Amino acid sequence: DAGVIQSPRHEVTEMGQEVTLRCKPISGHNSLFWYRQTMMRGLELLIYFNNNVPIDDSGMPEDRFSAKMPNASFSTLKIQPSEPRDSAVYFCASSPTGGIEKLFFGSGTQLSVL
Amino acid sequence: DAKTTQPPSMDCAEGRAANLPCNHSTISGNEYVYWYRQIHSQGPQYIIHGLKNNETNEMASLIITEDRKSSTLILPHATLRDTAVYYCIVRVEKYGQNFVFGPGTRLSVLP
Chain L
817 DAGVIQSPRH
827 EVTEMGQEVT
837 LRCKPISGHN
847 SLFWYRQTMM
857 RGLELLIYFN
867 NNVPIDDSGM
877 PEDRFSAKMP
887 NASFSTLKIQ
897 PSEPRDSAVY
907 FCASSPTGGI
917 EKLFFGSGTQ
927 LSVL
Chain X
440 DAKTTQPPSM
450 DCAEGRAANL
460 PCNHSTISGN
470 EYVYWYRQIH
480 SQGPQYIIHG
490 LKNNETNEMA
500 SLIITEDRKS
510 STLILPHATL
520 RDTAVYYCIV
530 RVEKYGQNFV
540 FGPGTRLSVL
550 P
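In order, the protein sequences belong to chains L and X.
With our numbering as the guide, the letters of the first sequence map in order to residues 817 to 930.
With our numbering as the guide, the letters of the second sequence map in order to residues 440 to 550.
Hints should not be assumed to be uniformly reliable.
Heads up, simulated DSS-like pairs for lysine-lysine below, C-alpha to C-alpha not over 27 Å straight-line [said to hold, decoys possible]: (1) X/K508 - X/K533; (2) L/K894 - L/K918; (3) X/K508 - L/K918; (4) X/K491 - L/K918; (5) L/K918 - X/K533; (6) L/K918 - X/K442; (7) X/K533 - L/K884; (8) L/K884 - L/K840; (9) L/K840 - X/K533; (10) L/K918 - L/K840.
Just so you know, these hints were derived from the structure itself, not from any lab.
All of these numbers come straight from a predicted model, not from anything done at the bench.
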C-alpha cells in the first residue's frame, strides 16, 4: 500500500489566492483527519471525517477554511482567500475502522503564503 | 482528554536503550496511552499503545505504572534514525475523539 498520499508537497502562493490541498487516504480506511502544524501551536486537528461525513470541524479556524470528502478515496482542504498566517504544514491522516484507532499520516503539504 | 507531561528533550547514546517518560496523573479508567513519533519533515508515525498492561512490538516497549499515572516508552537499542519528537497521548478509545498532540519530547540519538 502506498500509504496516505498528499499533494502538492509544497505550495507557495500569494495572499488572497485560493489554495487547495489534496489527500488520498489508505484504501479501506473509513476515518480521515486534517491537521495543521506550526512552530507556535504544534499539531492541531482541523476536521475529522468518518465514512465521508464531517463529524467534527470545531478546529477549522474560520470560514476561509473548508474541507470536503466526496468519496472514500479523496478529500480536499481549501483556503479562500489565503493569508500569511495560514503558512504551515498541513497533514492528512486516515484510520481504519474496527479495533483500536491508529492514525496513518501523509507526508504533509508545506504551505507558504506570501 | 487527560493532559500529559513530557520532558522537552533527551539525549541517548546510539545502541543504548532510550527511556522516554510521560506523566498522565489525571488519566481516566477508559483512556488509553498512545505513543507517536515525528521524524523531521515527516508526518507522525504510530509506535504503540496500551491500557493497563505493558506492551511490546517490533518498534518499542510500553511500561505503564500500576496506578496508570505515568508510563515509559522504551526503545531498546536506539539508532540515529530514532532521532525524532516523541508524543505521548492519552485518549478515550472512541471514534471521533481527537488525538491531542502536545509538544512531545525531542530525542536526540548521539553517535
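Hints, one by one, checked against the model:
1. For the hint linking X/K508 to X/K533, the alpha-carbon distance of about 21 Å falls within 27 Å, and the restraint holds.
2. Taking the CA atoms of L/K894 and L/K918, the gap is about 25 Å. The hint holds against a cut of 27 Å.
3. Annotation: proposed proximity of X/K508 to L/K918 holds, straight-line Cα distance about 22 Å (limit 27 Å).
4. For the hint linking X/K491 to L/K918, the alpha-carbon distance of about 18 Å falls within 27 Å, and the restraint holds.
5. A hinted pair counts as satisfied when its Cα atoms are at most 27 Å apart, and L/K918 with X/K533 qualifies at roughly 11 Å.
6. Only pairs whose Cα atoms come within 27 Å are accepted, and L/K918 paired with X/K442 is accepted, the gap being roughly 19 Å.
7. For the hint pairing X/K533 with L/K884, the CA-to-CA distance comes to about 22 Å; that is within 27 Å, so the pair holds.
8. For the suggested pair L/K884 and L/K840, the alpha carbons sit about 12 Å apart, so the restraint of at most 27 Å is met.
9. A hinted pair counts as satisfied when its Cα atoms are at most 27 Å apart, and L/K840 with X/K533 qualifies at roughly 23 Å.
10. Note on L/K918 and L/K840: the hinted pairing holds, with a Cα-Cα distance of about 17 Å set against a maximum of 27 Å.
Of the hints listed earlier, there is not a single one the structure fails to meet.
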